[in-house]
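**Q** Note that the protein sequences, when read in sequence, are chains U and V. FYI, in my numbering the residues of the first sequence are 1 to 317. FYI, in my numbering the residues of the second sequence are 1 to 317.
Everything labelled a hint here was simulated from the structure, so no lab data went into it. Treat the hints loosely; a few may be bogus.
Said to hold, decoys possible - List time: in silico EDC-like cross-link candidates among lysine to aspartate or glutamate, alpha-carbon distance up to 20 Å:
1) V:167 / U:157
2) U:107 / V:118
3) V:83 / U:91
4) U:167 / V:91
Claimed, not checked - Okay, the calculated beta carbon distance ranges per label pair:
5) V:246 / U:80: 53 to 59 Å
6) V:26 / U:144: 33 to 39 Å
7) U:147 / V:84: 57 to 63 Å
8) V:222 / U:225: 40 to 46 Å
9) U:144 / V:136: 50 to 56 Å
10) V:234 / U:246: 45 to 51 Å
11) U:144 / V:84: 50 to 56 Å
12) U:133 / V:86: 33 to 39 Å
13) U:212 / V:246: 42 to 48 Å
14) V:195 / U:245: 39 to 45 Å
15) U:144 / V:226: 31 to 37 Å
16) V:130 / U:144: 43 to 49 Å
We put the CB at the ideal spot given by N, CA and C, even for glycine.
Number of protein chains: 2
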Amino acid sequence: MPNILFTNLMGGFVFDEKFKLVDYILIDQNRDILKFRSALDEIMKKYEAHEASDLESSFVITEFTDIKYRKHLVEKNLSITRKSIKNSVSEDTLIVHAISSIEDLDKITNLLSKRLREWNYIYNPEISHAISDNEKFSNTISSKSREQLLNDLNIDEDMSLGSKLKKNDISAILSLSQQLTNLFKLRKHYEKYIITLEMEICPNLLEVAGSQIAAKLLRHTGTLKRLARMPASTIQILGAERALFRHLRNKRKNLMPKHGLIHEHPLILKSKLKQHAKAARALADKISIAVKVDFFKGKPIGKKLKNDLVSKFSIDY
Amino acid sequence: MPNILFTNLMGGFVFDEKFKLVDYILIDQNRDILKFRSALDEIMKKYEAHEASDLESSFVITEFTDIKYRKHLVEKNLSITRKSIKNSVSEDTLIVHAISSIEDLDKITNLLSKRLREWNYIYNPEISHAISDNEKFSNTISSKSREQLLNDLNIDEDMSLGSKLKKNDISAILSLSQQLTNLFKLRKHYEKYIITLEMEICPNLLEVAGSQIAAKLLRHTGTLKRLARMPASTIQILGAERALFRHLRNKRKNLMPKHGLIHEHPLILKSKLKQHAKAARALADKISIAVKVDFFKGKPIGKKLKNDLVSKFSIDY
Numbered sequence: 001m002p003n004i005l006f007t008n009l010m011g012g013f014v015f016d017e018k019f020k021l022v023d024y025i026l027i028d029q030n031r032d033i034l035k036f037r038s039a040l041d042e043i044m045k046k047y048e049a050h051e052a053s054d055l056e057s058s059f060v061i062t063e064f065t066d067i068k069y070r071k072h073l074v075e076k077n078l079s080i081t082r083k084s085i086k087n088s089v090s091e092d093t094l095i096v097h098a099i100s101s102i103e104d105l106d107k108i109t110n111l112l113s114k115r116l117r118e119w120n121y122i123y124n125p126e127i128s129h130a131i132s133d134n135e136k137f138s139n140t141i142s143s144k145s146r147e148q149l150l151n152d153l154n155i156d157e158d159m160s161l162g163s164k165l166k167k168n169d170i171s172a173i174l175s176l177s178q179q180l181t182n183l184f185k186l187r188k189h190y191e192k193y194i195i196t197l198e199m200e201i202c203p204n205l206l207e208v209a210g211s212q213i214a215a216k217l218l219r220h221t222g223t224l225k226r227l228a229r230m231p232a233s234t235i236q237i238l239g240a241e242r243a244l245f246r247h248l249r250n251k252r253k254n255l256m257p258k259h260g261l262i263h264e265h266p267l268i269l270k271s272k273l274k275q276h277a278k279a280a281r282a283l284a285d286k287i288s289i290a291v292k293v294d295f296f297k298g299k300p301i302g303k304k305l306k307n308d309l310v311s312k313f314s315i316d317y
Numbered sequence: 001m002p003n004i005l006f007t008n009l010m011g012g013f014v015f016d017e018k019f020k021l022v023d024y025i026l027i028d029q030n031r032d033i034l035k036f037r038s039a040l041d042e043i044m045k046k047y048e049a050h051e052a053s054d055l056e057s058s059f060v061i062t063e064f065t066d067i068k069y070r071k072h073l074v075e076k077n078l079s080i081t082r083k084s085i086k087n088s089v090s091e092d093t094l095i096v097h098a099i100s101s102i103e104d105l106d107k108i109t110n111l112l113s114k115r116l117r118e119w120n121y122i123y124n125p126e127i128s129h130a131i132s133d134n135e136k137f138s139n140t141i142s143s144k145s146r147e148q149l150l151n152d153l154n155i156d157e158d159m160s161l162g163s164k165l166k167k168n169d170i171s172a173i174l175s176l177s178q179q180l181t182n183l184f185k186l187r188k189h190y191e192k193y194i195i196t197l198e199m200e201i202c203p204n205l206l207e208v209a210g211s212q213i214a215a216k217l218l219r220h221t222g223t224l225k226r227l228a229r230m231p232a233s234t235i236q237i238l239g240a241e242r243a244l245f246r247h248l249r250n251k252r253k254n255l256m257p258k259h260g261l262i263h264e265h266p267l268i269l270k271s272k273l274k275q276h277a278k279a280a281r282a283l284a285d286k287i288s289i290a291v292k293v294d295f296f297k298g299k300p301i302g303k304k305l306k307n308d309l310v311s312k313f314s315i316d317y
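I would like the entire structure built from these sequences, with the hints used as guidance.
**A** As structure tokens, then:
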């Protein structure tokens with residue numbers, strides 16, 4: 001029997017016919033894989049070795065139970081794991097983090113806006129009342145003085161119900177509104193950031209579903225790969241799992257859910273109630289095509305898919 | 001029957017014996033109350049009028065049902081209401097708003113810290129792991145570069161499990177940490193702000209209970225006045241209402257609560273479990289004295305009360 005060559009993640013090992021180790025080369029952490037390949041070829045020629053078959057491998061493997069290999073094996077293993085962890089982060093992971101942060105920020109800005117409104121009621125009640133949009137309210141408070149604000153509303157200062165506060169007290173309210181304004185800005189920053197990421201990894205999905213729904217679909221499935229593998233009917237009710245299982249438990253009382261995460265899409269929001277199911281089906285269909293094209297890096301198809309939907313339902317978005 | 005003088009919030013009105021209006025003076029919005037008083041005296045002398053008795057008033061009042069007084073009455077009423085609303089804001093209201101904001105900020109910083117840690121795990125996992133304090137974590141992330149951070153932890157960059165991200169991706173994480181750091185700063189700002197307010201309106205309560213517990217007691221009762229009227233036994237279990245009513249419903253199973261909002265006080269936290277009830281009773285006692293002295297603007301007594309507690313339980317705070 002001739003010499004045999006056995007390779008594993010530590011390197012290449014040449015054994016003779018009695019399965020005794022003759023020679024070996026190790027893969028250094030930083031060594032080039034091509035260089036290792038050529039070194040392997042050389043050592044094969046030198047010992048006239050052939051690569052180990054499955055049967056031969058099982059004999060050879062006992063050699064590696066020796067403790068002297070342990071440390072080397074552990075190190076090698078760690079370095080491979082480390083590399084694969086490092087490379088496991090892709091754009092879809094980043095999108096998932098950004099969209100989760102946006103949802104957190106929505107909760108937070110709501111909470112702080114409520115607090116700011118209440119607090120501001122004692123200093124500037126007319127403004128708390130006049131501006132119902134939270135973001136605009138916070139911006140206005142933090143950018144204008146009370147005199148300006150009352151002037152804008154045509155209210156005489158004596159007629160205002162606000163108390164005269166000390167500088168210290170006013171600055172406490174203003175600090176809150178400034179932080180709130182910054183949080184609103186951060187939300188916008190993340191919206192744009194998500195779009196730039198989506199332009200890279202899922203331009204077609206972005207075109208068909210819109211950036212927010214695309215991001216939420218990705219967050220729900222975790223990766224683009226998993227989303228690309230789903231049939232349209234699953235995509236249609238992603239996020240409506242509770243309703244789905246309620247339906248499966250009791251078909252008479254609870255209808256099948258028409259849509260999950262995609263219910264916020266303008267195509268569904270703007271269509272009539274009777275058309276909701278039809279629109280959701282068509283949208284999920286196109287999304288499933290778009291995401292498959294994105295995953296397999298096909299030719300851009302988003303615009304065409306979107307136009308199909310727009311012309312079918314006569315709803316522009 | 002001589003002339004009679006009837007006064008109401010619109011002004012002074014002189015009627016003859018047949019309850020016909022003879023003369024009147026109105027209180028102008030900005031007029032001095034003393035000037036009005038002297039004008040009233042003059043008109044009384046001039047018509048030899050006496051102030052209306054209850055019986056006479058009831059006859060006179062019909063005169064004011066005339067529609068011509070309506071507008072004047074409404075205006076007068078509004079202006080008085082406006083003034084009393086304006087003056088209703090006192091330091092305790094501001095403390096209540098500030099402490100509520102602090103509690104909101106606690107929730108928010110917790111939520112965002114969790115999000116930041118998760119997000120940062122893909123870029124800088126070693127740091128997410130090394131620093132357990134949220135505020136310190138956020139400060140560190142936002143102030144140092146990844147190289148510096150790894151250097152501080154003595155970790156080789158190749159050994160780090162973090163992925164190499166693009167500039168855009170890193171800045172998304174950093175923006176979050178900067179906002180979070182600002183929110184932590186805002187919380188500290190409010191802590192100081194509450195102390196300055198408390199130094200003004202309840203220095204003794206501040207001394208005995210500490211700023212946070214003092215503020216929470218005020219938030220629970222709404223005003224210093226209401227807190228000052230409460231007996232020590234009520235103050236002891238403020239904030240433990242659910243436990244109290246559970247006890248009242250079922251005395252066998254559920255014990256009387258030992259303490260409510262004051263349970264965070266170092267005197268209780270640091271004492272032994274067996275001493276908790278005793279410490280809570282003593283603390284509530286001293287708080288109730290302090291808050292009464294504060295409300296009636298008595299001589300400073302906070303230091304003495306605190307020293308009594310410290311020496312009784314040998315716990316310094």
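**Q** Output the indices of the hints that this structure fails to meet, ascending.
**A** Hint check: 1, 3, 7, 8, 9, 11, 12 and 14 fail, others pass.
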